[in-house]
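**Student:** With chain S fixed as given, assemble chain L onto it according to the hints.
2 protein chains.
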Amino acid sequence: MARMQTVAAGQLGPIGPDEARPRVVARLIALLEEAKRRSCTLVVFPEMALTPFFPRRWIPRQTDRDRYFEFDMPSPETRPLFEAAAALNIGFYLGYCEAVGEGQDIRRYNTSVLVDGVGRIVGKYRKVHLPGNAEYDPTLKLQHLEACYFEDGDLGFPVFEAFAGRVGMLICNDRRWPEPYRVLALQGAELVCLGYNSPAFLPDTPEQNGLRTFHHLVPMQAAAYQNGMWIVATAKAGREDGCDMMGQSCVIAPSGEVVARATGVGDELVTCRIDLDATKAYKRFFDFDTYRRPQAYRLIVDRQGVGPPLSRGET
Amino acid sequence: MARMQTVAAGQLGPIGPDEARPRVVARLIALLEEAKRRSCTLVVFPEMALTPFFPRRWIPRQTDRDRYFEFDMPSPETRPLFEAAAALNIGFYLGYCEAVGEGQDIRRYNTSVLVDGVGRIVGKYRKVHLPGNAEYDPTLKLQHLEACYFEDGDLGFPVFEAFAGRVGMLICNDRRWPEPYRVLALQGAELVCLGYNSPAFLPDTPEQNGLRTFHHLVPMQAAAYQNGMWIVATAKAGREDGCDMMGQSCVIAPSGEVVARATGVGDELVTCRIDLDATKAYKRFFDFDTYRRPQAYRLIVDRQGVGPPLSRGET
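For the protein sequence lines, the chains are S and L, in the order given.
Numbers 721 to 1035, taken from our numbering, label the letters of the first sequence in order.
Numbers 721 to 1035, taken from our numbering, label the letters of the second sequence in order.
Only some residues are given here: those of chain L computed to face chain S with a beta carbon under 8 Å:
id: 1; residue: 876
id: 2; residue: 879
id: 3; residue: 902
id: 4; residue: 931
id: 5; residue: 1009
id: 6; residue: 1013
id: 7; residue: 1017
id: 8; residue: 1031
In silico BS3-like pairs for lysine-lysine, Cα to Cα no more than 27 Å straight-line:
id: 9; chain 1: L; residue 1: 1003; chain 2: S; residue 2: 861
id: 10; chain 1: L; residue 1: 1000; chain 2: S; residue 2: 861
id: 11; chain 1: L; residue 1: 861; chain 2: S; residue 2: 1003
id: 12; chain 1: L; residue 1: 861; chain 2: S; residue 2: 1000
By construction, these hints were calculated from the structure, which means they are not laboratory data.
Fair warning: this is a prediction, and the values are worked out from it, not measured in the lab.
In this text, a Cβ means the ideal position worked out from N, Cα and C, and glycines have one as well.
Just chain S, with the same shape it has in the complex (with noise of 0.2 Å):
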């Protein structure tokens, strides 16, 4: 019984371009509130939970883009957030735009820490898969400007131990990659926490906007079964600076079901009580040490892109 606990995704609906960080600050400590009153542990905020998703917008001034970092964290306009956290023994995750060293020496990465039920940092994950573009392009319908004000994350995948037992940390575009989530299992990882800013249509890609929920779901369900993992997945959702966006923040279970899911666009907590050991079935299924087969993989590191074929094989 000490591996169930309830656990929740923290959805949020949208950011104001005017609203301030004490604000937010208040909104998120509301969900705690609600949080405690369902005997949550952890609450997994979104990816950006303190600001608009300003990479959608092109700002040509670095000192303008600085406005959305938190420089530091906890800050004093965060630390009644991680004091509420303490206050109501219930753990985060909080994805934010951070900003560390000085002068010329700054580095930007968009990043999820997190924290325990007495309010200490107990991991940092700072977002490896950046969509978008690098350089500013006027001739796309929807801007994606994450490689261009972010740098690419340097910590790996982490694995943290925390909320009896190990936890990683992905941030959005993460989910649709299944190296992530390997990663993440091979050190063992029973829960995953993911935050995320989606459109909920791409206008460059039409043909796809009927499966975009599908195309949200399907790579964490294949990785939930996969690893023997349970993933929470939260959303930033409704109409933010112009975009809508997906929504459906949801649990998903090692089995692969999707066994929680927001209802609405706003601001909602999506409880769902968990059992760490359900991973044990799935990992046991797999079980790495006898049945994978790292020698037959190593394209996996050795190629960064699509190559020739490696040989034809004997016929």
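**Tutor:** Quick look at chain L alone, frame taken from chain S:
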């Protein structure tokens, strides 16, 4: 239009314990003839398509096992299939038990070949992910002795230029692992042919039996989307040797959608008109050259099984 073609899953009902090769080959040829009537260029037959799935039985003596193996491909008994394919100008994927070598040096693999429209073998694959046990365990309700009867495939995951595109092969349990698809995609695979023999029920993990079809499909659907590839997956179906098999042969589009599916559990041709160029939108979306981060994936080849967290990252 050169990249449009009609492909088929050539599903087989059960093969009887005393059903001789010529009888089975006649069933395969009947499916090829039906495929010709439906203008197919390629028929994917199941794993171990010439025999019952004998690894469910404990067979102590190698000489008794060897009646399930092909020492030549084609042999006098299987050559009529190759001749029919050439006469009809249809290619095929065929799964079978392969024995190579002589005397004490015979090696045995769970193998598939890809045969082109003139009856020539253009590629061979030997199953990498052999499930089950390497030794007989009389306490198990369901035997699965593939790891006893076969060696690990030694050809990697090869990709072949064929059928106006790049084609890879997988066999049965391979489909549950994300790595094989990725290794194929990194060689440009656009179409994956896959035969399988999967029980509809697992007596030792009954809690998962309601999810058998979902677990069959979801890794393939995720992989098709994540790698931008078509998958033709073909079952041996029905009750064979006392075991109910799941059937459900299908074609999966690069969108991840199941676009064709068997309706029965007997010999059945499932056809689908596919466009290999439909892979491009997904390959472009994931754009491996720009977005993959192999340096962060190293654990996938550096570790076989689960180990401790690599590092706690920066906190």
